[in-house]
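Peer 1: Sequence:
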Amino acid sequence: MGKISQKERKKGYCKVAGQLCENPFMYVEKIAKNAELGRRTTSKYLKSMYTKSILVGPWMSLNPHPDYKEYVYLMRFSDPPHVFEGLKGFPHVVYHGIASGDWNTMVITDRQLDFSQLVGFESVVYQGVKGHVYTPKVKFTTWDQSLKEMYEQIEKFTPGEPECPEILVPPLEWGEDQWKLYHAFKVNVRKTVSPLLRNINVKYETYQEWMKTLQEHCSIHTEFYPKGSKTYVNYCFLFSSDYNQSVISLFSLVPTTPVIMEVGDHLLVFLKISPDVTRNMFCTIYDMKTKEMIKEFSFAEVIFDYK
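Position 34, counted from 1, in the sequence shown is what my numbering calls 34; the numbers after and before it change by one each time, with no gaps.
The reader is advised that the hints may include incorrect statements.
[As the list claims (entries may be wrong)] Calculated lysine to aspartate or glutamate pairs in the EDC-like style (CA-CA distance at most 20 Å, straight line):
{"no.": "1", "residue 1": "203", "residue 2": "173"}
{"no.": "2", "residue 1": "191", "residue 2": "29"}
{"no.": "3", "residue 1": "137", "residue 2": "305"}
{"no.": "4", "residue 1": "203", "residue 2": "176"}
{"no.": "5", "residue 1": "186", "residue 2": "205"}
{"no.": "6", "residue 1": "44", "residue 2": "8"}
{"no.": "7", "residue 1": "139", "residue 2": "152"}
{"no.": "8", "residue 1": "212", "residue 2": "173"}
{"no.": "9", "residue 1": "180", "residue 2": "216"}
{"no.": "10", "residue 1": "88", "residue 2": "110"}
{"no.": "11", "residue 1": "11", "residue 2": "29"}
{"no.": "12", "residue 1": "212", "residue 2": "176"}
{"no.": "13", "residue 1": "289", "residue 2": "161"}
{"no.": "14", "residue 1": "186", "residue 2": "216"}
{"no.": "15", "residue 1": "180", "residue 2": "209"}
[Stated by the list, open to error] Quick list of simulated restraints, FRET-style, between CB atoms:
{"no.": "16", "residue 1": "187", "residue 2": "91", "range": "13 to 23 Å"}
{"no.": "17", "residue 1": "170", "residue 2": "245", "range": "17 to 27 Å"}
{"no.": "18", "residue 1": "88", "residue 2": "159", "range": "36 to 46 Å"}
{"no.": "19", "residue 1": "132", "residue 2": "159", "range": "20 to 30 Å"}
{"no.": "20", "residue 1": "90", "residue 2": "211", "range": "26 to 36 Å"}
{"no.": "21", "residue 1": "194", "residue 2": "295", "range": "47 to 57 Å"}
{"no.": "22", "residue 1": "110", "residue 2": "170", "range": "15 to 25 Å"}
{"no.": "23", "residue 1": "295", "residue 2": "41", "range": "46 to 56 Å"}
{"no.": "24", "residue 1": "192", "residue 2": "283", "range": "44 to 54 Å"}
{"no.": "25", "residue 1": "85", "residue 2": "213", "range": "31 to 41 Å"}
If you are wondering where the hints come from, they were derived from the structure by calculation, not from laboratory data.
Quick caveat, the model's predicted, so the values are computed rather than measured.
For each residue, glycine too, the CB sits at the ideal point set by N, CA and C.
Can you make the complete structure from the sequences, with help from the hints?
Peer 2: See the structure below:
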């Protein structure tokens, strides 16, 4: 059998990532069958994808609940690297990063915090309750084809009644063991179960019952970057729109995984872009504004972050 071409390998990578988007807990044998790949090839692809940061996750995000919420802060500080280091291990901070643009510090917390008390604080650009998170499944395509399809979708868009889907979520009634499980698996749900349960001292029966609660309390996300996540420019866009579902649908056309987060009544879109199409992507976003798919937007380039 001849050597697999780079294009065929990337196509195989995309198939594997697509299966994990469908079911993040899928066994390798099932992935191989569905993707029409050999088991050994699938295992090799998975290992290579993690090594090269082509595949990220599958990771968990907690949905907003009546008794549990997370809060997003986009801020400006005079010395963001100093703040970034200070926030490592800071109580109730679940994510933080440094950016360059309309804001230079991004923080997600599980409690409302007053960051104006920190040294070097300048302003809050935007803050809001974190809502649901979306990571649309990536299809195997090029940036040129993706931008063409985005343009066509924008051209067909006609403003109408605001889109206001409401998703009701029950209370988050987890005990200590359930929270242990969440923190143990949240970065990658495909971790080997038995040794991890021994490490955190949780029974397998408890794990099984906890798994049954995930669908109503969490969303699980697989990120796919065909050339490796570090080869792209990492932008974060804040959109104000009456048509959030249309915006989500539009960004589902890009060939890298967009991480789309509801924040208050806005959308925060983390988008890794090939450097040579950055200008075209910004032109596309201005087209969205011209067609009134979005009202306003601001953005920053993410320099690095910490979960």
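Peer 1: Hint says 20 to 30 Å; check whether the CB-CB distance for residue 132 and residue 159 agrees.
Peer 2: Roughly 23 Å apart at Cβ, these two residues keep to the hinted range, so it holds.
Peer 1: Evaluate the given range 17 to 27 Å for the C-beta pair formed by residue 170 and residue 245.
Peer 2: 23 Å, holds
Peer 1: Indicate whether the distance between the beta carbons of residue 85 and residue 213 respects the range 31 to 41 Å.
Peer 2: Once the Cβ atoms are compared, 36 Å apart, the range 31 to 41 Å for residue 213 and residue 85 holds.
Peer 1: Please work out if residue 203 and residue 176 have their alpha carbons no farther apart than 20 Å.
Peer 2: Holds, at roughly 12 Å.
Peer 1: For a C-alpha distance cap of 20 Å, please report whether residue 88 and residue 110 respect it.
Peer 2: 15 Å, holds
Peer 1: Below or equal to 20 Å on CA atoms is what counts here, so check residue 212 against residue 173.
Peer 2: This hinted pair holds, its Cα atoms lying about 13 Å apart.
Peer 1: Does residue 29 lie within 20 Å of residue 191 when you go C-alpha to C-alpha?
Peer 2: 17 Å, holds
Peer 1: Can you tell me whether the CB distance of residue 110 to residue 170 sits inside 15 to 25 Å?
Peer 2: Given range 15 to 25 Å: holds, Cβ gap about 18 Å.
Peer 1: Is the Cα-Cα distance between residue 180 and residue 216 20 Å or less?
Peer 2: 18 Å, holds
Peer 1: Does residue 152 sit within 20 Å of residue 139, going by the straight-line distance between their CA atoms?
Peer 2: Holds, at roughly 17 Å.
Peer 1: Holds or violated: are the alpha carbons of residue 212 and residue 176 at most 20 Å from each other?
Peer 2: 17 Å, holds
Peer 1: Verify the CB-CB distance for residue 88 and residue 159 against the hinted window 36 to 46 Å.
Peer 2: With a Cβ separation near 44 Å, residue 88 and residue 159 satisfy 36 to 46 Å, so the hint holds.
Of the numbered hints given earlier, the model fails hint 3 alone.
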